[in-house]
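All chains, full assembly: derive it from the sequences and hints.
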Amino acid sequence: MPRGHNEYFDRGTQMNINLYDHARGTQTGFVRYDDGYVSTSLSLRSAHLAGQSILSGYSTYYIYVIATAPNMFNVNDVLGVYSPHPYEQEVSALGGIPYSQIYGWYRVNFGVIDERLHRNREYRDRYYRNLNIAPAEDGYRLAGFPPDHQAWREEPWIHHAPQGCGNSSRTITGDTCNEETQNLSTIYLREYQSKVKRQIFSDYQSEVDIYNRIRDEL
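Just so we're aligned: 211 in numbering that gives the first Met the number 0 is position 212 of the sequence shown, and the numbers increase by one with no gaps anywhere.
In short, the hints are calculated from the structure, not lab data. Please note: incorrect hints may appear among the correct ones.
[What the hints assert, rightly or not] Derived CB-CB ranges, DEER-like:
| id | residue 1 | residue 2 | range |
| --- | --- | --- | --- |
| 1 | V111 | G24 | 34 to 44 Å |
| 2 | S167 | R125 | 18 to 28 Å |
| 3 | R125 | N182 | 25 to 35 Å |
| 4 | K196 | S52 | 28 to 38 Å |
| 5 | N166 | S52 | 37 to 47 Å |
| 6 | Q149 | I112 | 39 to 49 Å |
| 7 | Y57 | R189 | 34 to 44 Å |
| 8 | D147 | N108 | 43 to 53 Å |
| 9 | I186 | P155 | 17 to 27 Å |
| 10 | I199 | Y61 | 24 to 34 Å |
| 11 | Q51 | S99 | 36 to 46 Å |
| 12 | Y102 | S167 | 38 to 48 Å |
Predicted model only: the values in this text are computed from it and were never measured. A virtual CB, placed ideally from N, CA and C, is assigned to each residue, including glycine.
This is how it looks when you write it as structure tokens:
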């Protein structure tokens, strides 16, 4: 989950859902306290390098293997030449990663990755089967560049600039570029969450139907 994710809902604090801000991080190299994205990597090696950089003070930490889903964006594909750390091969998860999406994990002890993959018993393959990360086109409008950033006047972002960004006029309500990006990202996240919930309910209903059918046959 994003840092403090539960607190945002409990206390009404708004997350900063901005991919560009997330990718840049803070001056200390860590994520922002209100970050609406969670960082993952395309490769085990990149994840290990990041772990060694950020968690080197710990003797033990874990690298999680996560099922792909449409709330995940390839940062380099979405931000293109403006991706601040392209070597990290980051895939950012909008709204966080539920435990049911974690396939398993590797234990890292004193910098050495355990060869054994520990399976997560709570992983739910049927929720995420055949799902992929979002196409770059879905992420362009959520990129989160500042309103006067030159990217909004270049391909491909010029065709996806939210109102208030670049040369686009403001919304009727007068929302700024950042506010409109926040609104669009929130809508995208809610639609994704609704899709997963519908899948969960559908699977649950199927299991109930099977149970009732077997019971009737006995």
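Of the hints given before, which are not true for this structure?
Structure breaks hints 1, 2 and 11.
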